[in-house]
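Sequences listed follow chains Z, F and A, in order. For the first sequence, the residue numbers in the working numbering are 75 to 212. For the second sequence, the residue numbers in the working numbering are 75 to 212. For the third sequence, the residue numbers in the working numbering are 75 to 212.
Everything labelled a hint here was simulated from the structure, so no lab data went into it. Each hint should be verified, as a subset may be incorrect.
Put simply, identical chains are the same to the list, so a pair is met inside one copy or across any two.
Dumping the calculated SDA-like pairs for lysine to any residue here, alpha-carbon to alpha-carbon at most 25 Å [what the hints assert, rightly or not]:
| no. | residue 1 | residue 2 |
| --- | --- | --- |
| 1 | LYS86 | HIS201 |
| 2 | LYS86 | THR103 |
| 3 | LYS86 | THR187 |
| 4 | LYS86 | GLY105 |
| 5 | LYS86 | GLY186 |
| 6 | LYS86 | ASP180 |
| 7 | LYS86 | ALA131 |
| 8 | LYS86 | ASN102 |
| 9 | LYS86 | ASP212 |
| 10 | LYS86 | GLU156 |
| 11 | LYS86 | ASP148 |
| 12 | LYS86 | ASP107 |
Since the structure is predicted, the reported quantities are computational estimates derived from the model, not experimental observations.
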Amino acid sequence: MIARDELRIETKGRGTHDLSRDVQRIVNTSGIDTGMCHVFICHTSASLMLSENADPAVMRDLETFMSRQVPDGDPMFTHRAEGPDDMPAHVRSILTQTDLNLPVVDGRCALGTWQGVYLWEHRHAPHSRRVIVTVQGD
Amino acid sequence: MIARDELRIETKGRGTHDLSRDVQRIVNTSGIDTGMCHVFICHTSASLMLSENADPAVMRDLETFMSRQVPDGDPMFTHRAEGPDDMPAHVRSILTQTDLNLPVVDGRCALGTWQGVYLWEHRHAPHSRRVIVTVQGD
Amino acid sequence: MIARDELRIETKGRGTHDLSRDVQRIVNTSGIDTGMCHVFICHTSASLMLSENADPAVMRDLETFMSRQVPDGDPMFTHRAEGPDDMPAHVRSILTQTDLNLPVVDGRCALGTWQGVYLWEHRHAPHSRRVIVTVQGD
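Hey, can you work out the whole structure from these sequences and the hints?
Here it is as structure tokens:
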């Protein structure tokens with residue numbers, strides 16, 4: 075059986091959004107008990123990750139780390155059509171994930187206790203982001 | 075239904091190859107309308123990514139970034155059997171992707187407008203790279 | 075057909091564990107001949123990767139690289155509840171993989187000659203890590 079739905083996330087600029095509840099809701103609605111849940115982001119300047127879901131400092135520290143690794147406006151970047159955060163957003167995207175696969179067990183995503191599904195907006199301006207969720211199984 | 079095919083990419087050394095059309099062709103041939111397409115590279119010194127497909131400067135900037143992050147010949151690396159780009163190629167591989175999963179919707183990979191499927195050769199010498207494409211669904 | 079099993083890995087602290095044989099055993103037991111094998115780690119401070127399986131120096135060099143990129147005790151990190159390796163472990167996790175998908179061909183994971191499935195423990199203390207393996211196909 076295959077069920078599919080889409081999420082539309084209106085970001086407020088650079089930062090993370092917890093999608094765990096939305097993804098779980100789509101799994102519930104699918105009626106699939108055992109299988110896989112696939113989460114896919116249709117963009118190259120925002121990305122996905124599974125990360126710690128308890129302490130908000132983790133998200134702030136991830137942002138601090140990435141900003142240092144891939145500085146906005148770094149003169150080595152020539153692709154600047156949309157500004158100093160344009161190319162850094164693409165780099166941050168390829169260093170994280172475009173798609174995640176999660177086991178579905180007993181009708182739920184079998185995430186670990188501390189795991190959450192996050193969208194990471196890498197642009198400073200607000201964007202409308204499309205995420206496709208596919209549930210496959212029995 | 076499961077369909078599988080292989081791509082053989084003859085690289086000319088470090089650089090990227092757009093596989094989007096080849097992957098889409100395999101999905102077409104499979105006759106699968108809705109499901110998932112999985113792209114897998116059988117190597118540890120070349121990798122995959124979904125990245126921006128419009129401005130060639132993006133690929134050049136990704137290369138510039140990676141070359142700076144993981145410099146060829148860095149004295150910290152002891153695995154140098156195949157030369158100064160041997161270990162950097164493995165590191166670049168683990169920082170990007172070995173496999174990608176793409177939703178198949180209406181008989182096509184549901185890529186975003188600006189998303190392309192890329193193979194990234196990390197070695198300087200030309201290599202023959204094997205990519206396994208699996209399409210599952212109805 | 076869907077088959078699922080779990081691995082429990084008792085790590086001795088930071089370092090890598092080759093899971094290739096355990097994953098292959100689960101594929102064998104499933105009786106599935108053609109399809110996909112999904113490997114998922116239920117944690118955010120240990121991760122997965124496909125990497126070179128022949129020269130132990132590769133794993134040492136990967137560790138050297140990561141320790142330099144994401145130094146333990148870096149003062150930029152504020153999430154330190156569990157010590158100087160707490161936040162670096164989360165960063166190392168998001169830079170590598172939480173899940174891997176491997177093609178199953180003729181009843182075996184179709185890994186390349188030099189590819190192995192590795193768990194990477196990022197914490198210095200020993201941990202008990204849970205890995206869910208799902209095999210789907212015919």
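Status of the hints after comparison with the structure:
1. In this assembly of identical chains, the alpha carbons of LYS86 and HIS201 lie at most 25 Å apart only when taken from the same copy (7 Å versus 37 Å across copies).
2. For a Cα distance limit of 25 Å, the shortest separation of LYS86 from THR103 qualifies neither inside one copy, at 28 Å, nor across copies, at 41 Å.
3. Taking the shortest Cα distances, LYS86 and THR187 sit within 25 Å of each other only across copies (21 Å), while inside one copy they are farther apart (28 Å).
4. Proximity of LYS86 and GLY105 under a CA criterion of 25 Å is satisfied in neither setting, with 33 Å inside one chain copy and 40 Å between copies.
5. In this assembly of identical chains, LYS86 and GLY186 lie within 25 Å of each other by CA distance solely across copies; the values are 20 Å between and 28 Å within a copy.
6. For a Cα distance limit of 25 Å, the shortest separation of LYS86 from ASP180 qualifies neither inside one copy, at 35 Å, nor across copies, at 32 Å.
7. Taking the shortest alpha-carbon separations for LYS86 and ALA131, only the intra-copy value of 19 Å comes in at or below 25 Å, while the best inter-copy value is 27 Å.
8. For the homomeric pair LYS86 and ASN102, neither the shortest alpha-carbon distance inside one copy (28 Å) nor that between copies (38 Å) is at most 25 Å.
9. For a Cα distance limit of 25 Å, the shortest separation of LYS86 from ASP212 qualifies neither inside one copy, at 37 Å, nor across copies, at 38 Å.
10. Taking the shortest Cα distances, LYS86 and GLU156 sit within 25 Å of each other inside one copy (17 Å), while across copies they are farther apart (31 Å).
11. Taking the shortest Cα distances, LYS86 and ASP148 sit within 25 Å of each other inside one copy (23 Å), while across copies they are farther apart (29 Å).
12. For a Cα distance limit of 25 Å, the shortest separation of LYS86 from ASP107 qualifies neither inside one copy, at 35 Å, nor across copies, at 35 Å.
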